[in-house]
Each structure stands twice: as structure tokens, then as C-alpha cells.
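Participant: These are the residues of each chain, in order.
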Amino acid sequence: MVFFSDPITYITNWLANLLISWGLASDTVLVIMKLLGAAMVCIFGFSLVIFTIWLERKLYARIQDRLGPNRVGPWGIFQTFPDMIKIFTKEYITPEGADKVVYNLAPILAVSAVLLVWAVIPFAPTVFGTDINIGVLYIVAVGSIGTLGVIMAGWSSNNKYALLAAFRTVAQMVSFEVPMVLALLVPVLLGQTMGVDSLVKAQDVWFVVLSPIAAIIFFISSIAEVGRAPFDLLEAESEIVAGFQIEYSGLKFGMFYVGDFLHAFTISALSATLFFGGWRGPGAETWPVLGLAYFFMKTFIIYFFVVLIRIALPRLRIDQMLNFNWKFLTPLALVLLMVTAVVEKSLIHFMPSLNFSAVGFLIFRSLVLLLTNILIIVVTAIFLRAYARREHVRVSQPRPVAVTPEPPASVIS
Amino acid sequence: MTPMQIIFILTAAATLSAAVLVVTTRNIIHAALWLIVSLFGVAVFYVLLNAGFFAVVQVVIYIGAIAILFIFAVMLTRRLMSDSGPQSNTNWWLAAVISVLLFVGLIWMLSSWRGVTGEPPVLKSNIDTIGLLGRALVSPDGFVLPFELASVLLVAALIGAIYVAWERK
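Just so you know, the sequences run in chain order D and G.
Numbering-wise, the working numbering puts 179 at position 179 of the first sequence, and it's gapless, one number per residue.
Numbering-wise, the working numbering puts 160 at position 160 of the second sequence, and it's gapless, one number per residue.
So here's chain D without its partners, still in its complex pose (with noise of 0.2 Å):
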């Protein structure tokens, strides 16, 4: 009965007794089982990257009318083995005058820094890799290290284009780090915690309704850290061909493929534990296996929405990013913070007088904080409104992009 309800921390247990009766010491143990841990957890990253490719591929094709992947194994779900196959014997190139260190350590990195978030997503109520209490920054941090992996694959190739991908990126996953950190600090007023799993079990509301702009913003910034499309101009094909990958073959290239989808996979997984409660549901409690089973589900339906914006939507320029970001996210974000944060402590402090019960409580919490934040989605429509009537007069005063250049002095003499 423990085993259907609980298979993997009944796995764990029986595997720890074992290791005992065979006369380890207790700590050696935590140590094996928690290498043991990481490992299963990296293993089942790179795992998950192999269906979600095939995924991508299949969604991609039929939104674009065509059959994707269709001849290896059923609806060519194995399509992604063979591709593997064949770039672990590709052969290695180095550019003249890269970098060697440099070059060699940016795939690893790009790599680890995604899989380091996993360490701190609980996946049910018993199945998580750590419980730190400061998760929120923690993954902050960690997202910090990819961008680092960026710019040195894009320094060290010793290329022009891989360089000003590298500029891109540092002008792109800096900026949207600053509204993803001011969104990330909404639920973490709303839980009072720090702690990833101490978030989630505060979820009693989803805080996707009690802060629905908190939950767009950090969607949005966060698929501008991924850097996908729309938000893609650091790989960019048109124009700076592939970006700062341009001189990576073979597995090295692969490893920043399999941290691309990755990564996506790991920002649906952030929005469906800070947002959508994470492995909450009905009975998850007592049959934590089910827990499992809603994080999935939310996270697959999350991933699902961040592919449908990379296919329906075009890159944005690289000014029109940014003006998004500083003149739109972040200020909305300033605002909603400042504002989440006095009607969140009024509320606290007159709930004594209040009367209500800890469920009417609760509804009425939800319902203010859901209407503040209708109140700023209404007041940003109107600011976005006069912006826009500004911007169409402007846009219709005549722009001549060509002049008639002054003709040269000795042309005149």
C-alpha cells in the first residue's frame, strides 16, 4: 500500500535499510543517498529533454501544417534517438583562435545552471531535492550562472557574430532578471517564505489569482531569460546566424540544445510551483504519488503555452525589447509590489476586527488582492492607450528614410 502511494520515497527508504544492515554508518548513508538523488534527478532531466524535443517538433509541425517527425517508432516519437546518435559522432571542431578553456567550460555551464534549479522544485509533497529557505533567490542566483555560460560561448568562439550574440545577451538576461526578481518577491509576500516547498503548501489560493500580473510578468521575463522567441535575438538565424552557437559542433552544440529545451522545461516547471500550487491538489496529501502526477500536469500544460508563443509569435528587435522591459515590466512590476505589499499588511493588521473565520478569511483575502489587481491592469490599459494614441500620430508624421545627401564641396567649387 506505502509503495502505490509513495513509490519513490518507499525506494528510498527500503535502499537506505539495506545499505545499513550492510553495516554503513548512518551518515555515509544521507551522503550515498543524496549523490544518488542528484544523479537520478540530472538523469531524469536529460530524459525529459528527449520527449519534450519530440514534442516541440510535433507541436511545431502542426501549427505550421506539415507531419513533423513521422518515421522512427509510432507518430516518430523515437525520431529524437537516431538525431542523438548522430551528433555524439560529429566531430569536435575548434575555431582558430578560441579560446580553449573558455570554449570548452560554456556548454558544461550553460547545461548545470539549469539543472541546478531542479534541485529545489518539489515535485510532490515527499520528492524534492532540498528544502533551503531562501529557494526564490537560490534560483535567481543559479539563473545568473547561465547567462555567464552565454557570454563565454560567445567570447571565447572568436567570432563576430558569437560576440555581439554574447552583447545581446548581457543586454537582454540582465534587464529581464530585474522585473523576474520584483515579480518572484510577490509570492514570496503572499507565503511569507522564501522556501520553494514552504510556497507551495502557502498555496491554499493558487497566487495565480491572488496576483495574476505577478504570475504574467514572471511568465514573460523568464521566457525572455530561456531566451526563446520572441525573445530570441541572441541566436537570432537571420542575422547573426545562430548567435553565440555559431562555432559549437557536435555534443557541444548539443549540450546548449539540450539546456535550450531544458530550460523551458524548467521555467514551466518555476510558474506551476510558484503560481499554480505546484503538486497541490485533491488528495495529494495522503497519496503524495498524485501529487507527482498534478505537477506534471501543470508544468506539461505551462510548457504547452511557452511553445505556442515560440511558434505563433516573431522576434521582437532588440529596442523594442528593451523598451518593453524598462518602460513596461519593470515599472508595472515596482508598482504591483509596493502595492501587493500595503494591502497585503493592512489586511493582516485588521484581521483581528474583521470577525471572519479562517475560510472566510481566506476568500476575502483572495478577492481584495484579485481586485487590486484588476484595479492596476485597468490603470495600465489607460496609461497603454494614451501611449498608443501618442505613438500613432508620430508614426504617421512622413519619416523619410532616404535624404538627399548636401553634394560634396569640390562638387559645388
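Some hints could be false.
[Unchecked claim] Listed next, with one range per pair, are the computed distances between beta-carbon atoms: (1) D:Met-84 to G:Ala-96: 49 to 59 Å; (2) G:Ala-95 to D:Phe-51: 53 to 63 Å; (3) D:Ile-32 to G:Lys-124: 20 to 30 Å.
Hints were generated in silico from the structure; no laboratory data involved.
Quick caveat, the model's predicted, so the values are computed rather than measured.
Yeah, the Cβ is synthetic: ideal placement off N, Cα and C, and Gly gets one too.
For this one, chain D is given, so just place chain G on it according to the hints.
Facilitator: Relative to chain D, chain G alone:
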């Protein structure tokens, strides 16, 4: 020797050698990358001291922001990537004397502090260090004045940056 001490010695060696390499390596980008290794070592020290919050903040601010800005600034000056001139000037002995004096002074000062020789105090297992830190930063009998002064300084820097970058039409 406890495992903790072994980890400490390894981290200290890595941090210090990376710090030396920052100033001795001739390639500026490599210097910036070694600086990142060194800063990361400091983050590990914070973890060893049970200060997870500071460790993560160290990574976010120093590696995620400052080191990346360093690299960005260096990348804009590609021709100066490798420095071939002498790495020290005639005042090197003065710097060496000051560094040695500073080191000796720090050692002398710390040796009289009982935290160096004594056992570290044992933390309660469920202590909320972040909550305590947050309250200390905003409580009137804590550090509210330095905290607010630092915030005002940052705001001034922001306004200054905007003023410098402002393009008058």
C-alpha cells in the same frame, strides 16, 4: 581533522590562488573569470558559516551583476585583451609593505578576538536567520539608519546615472 576543516582549507586555497591569478594573468577576460572563481569561493565560505542568504546574495550580486558587467566592459575593448607591458611599476615595494602590514595588523587584531580560538556557537536547528536579519535591518534599535543611508546612496547613484545618460532634445 573534521570534514568541515578539509572543505575549508580546500576552498581557502582555491579562493586565494584564484585571487592571485586575477592580478597576475595577462588576459583580461581570464582575470575576470578568475575573479568569478574567487567570489564563488567566498560564497562557499558563507555556506560553511551557515549564512545561506549571504552566499546566494554573493552569487546574485557579485557574479550575476558585477562580474558580468566587468566582462561586458572588457569585451567592448577587444584590442586591449592581452596586455604585454610590465605588470608592476616602481612603487611595487610600497604596495608589498602596506599589504604585509595590513595582513599582520588583521592577524594581530583577530588573534585577540575569542571567536578565532574558541568553538563556534551552535545555532538552534529551526532558527529563522533571514527573518532575524530582515527585522534587524528595519527595526529602530537595529540597523535602520545605515540601511536607509545605503538606500539613499543607491537612489542618488541611480539619479546620477540617469542624469549622465539623459539626452537633451
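Participant: Run every hint past the structure and note whether it holds.
Facilitator: So, going through the hints one by one against the coordinates:
Distance hint check: the CB atoms of Met-84 of chain D and Ala-96 of chain G are about 56 Å apart, consistent with the given range 49 to 59 Å. The given range of 53 to 63 Å is respected by Ala-95 of chain G and Phe-51 of chain D, whose C-beta atoms sit roughly 58 Å from each other. Taking the beta carbon of each, Ile-32 of chain D and Lys-124 of chain G are about 28 Å apart, inside 20 to 30 Å as hinted.
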